[in-house]
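S.K.: In order, the protein sequence lines correspond to chains L and A.
The opening position of the first sequence corresponds to residue 18 in our numbering, with each subsequent residue numbered one higher.
The opening position of the second sequence corresponds to residue 67 in our numbering, with each subsequent residue numbered one higher.
It should be emphasised that the hints constitute simulated quantities derived from the structure, not laboratory data.
Don't take every hint at face value.
[As the list claims (entries may be wrong)] Covered stretches of chain L (in silico footprint by chain A; criterion: 3 or more residues with CB under 8 Å from a CB of chain A, positions within the stretch not fixed):
1. 50-62
2. 114-120
[Claimed, not checked] Calculated pairs, EDC-like style, for lysine to aspartate or glutamate (alpha carbon to alpha carbon, straight line, at most 20 Å):
3. L:Lys72 / A:Asp92
4. L:Lys85 / L:Asp98
5. L:Lys70 / A:Glu124
Everything numeric in this text was worked out from a predicted model, so none of it was measured.
Virtual Cβ for every residue (Gly too), placed ideally from N, Cα, C.
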Amino acid sequence: KNEVEQSPQNLTAQEGEFITINCSYSVGISALHWLQQHPGGGIVSLFMLSSGKKKHGRLIATINIQEKHSSLHITASHPRDSAVYICAVRTGNQFYFGTGTSLTVIP
Amino acid sequence: SAVISQKPSRDICQRGTSLTIQCQVDSQVTMMFWYRQQPGQSLTLIATANQGSEATYESGFVIDKFPISRPNLTFSTLTVSNMSPEDSSIYLCSVDGPGELFFGEGSRLTVL
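Whenever a hint applies, use it, and build me the whole structure from the sequences.
M.R.: So, in structure tokens, the structure goes:
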């Protein structure tokens, strides 16, 4: 059983579409991170959430602590958004990672 | 924020050889984390490296296979020893900053 589950596993969208990626977790957490991994392997941190909602440009992340669920939204998607998006949760000094959602945005 | 320089970015290695991956951070950090990401899989923590003490290994990972050095607060190395094709993965170092996780660019190893 994985502590962090993401859906969908793969996602293909047309440029301009609104995209939602979901993350559910089963452990008590102090924070949840959304990460972006590019084809070369490097990982960039997008958001850290402990409650509520955050917005950065076209990206929006929300978290519901009671339901142990978070969503990452991308508005007006663009081909450069194509990447793997990873949800990670922190409990104490330990991190648990989802398997990632592979997003492809087609022009 | 922290910038992590990791190298090599990729390498193709022969079975039975060893490869050392280096990570340099542009600021002093207490803990550095080493992860493995096998094809199509999530990140798996190999070990946590603290300066001045032995690294702490996760279940399934041992020091003989993945020796780690942490000579100072800005640098660490991970060696993948006696490699086999099953070691083909992306290896990443990471540090934990306030409000953010920082990762190196990753080292993509292919073992033939």
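S.K.: Now tell me, hint by hint, if it's right for this structure.
M.R.: Hint-by-hint comparison with the structure:
no., hint, in the structure
1, 50-62, "holds (count 8)"
2, 114-120, "holds (count 4)"
3, L:Lys72 / A:Asp92, "28 Å, violated"
4, L:Lys85 / L:Asp98, "26 Å, violated"
5, L:Lys70 / A:Glu124, "33 Å, violated"
Checked against the numbered hints above, the structure breaks hints 3, 4, 5 and satisfies the rest.
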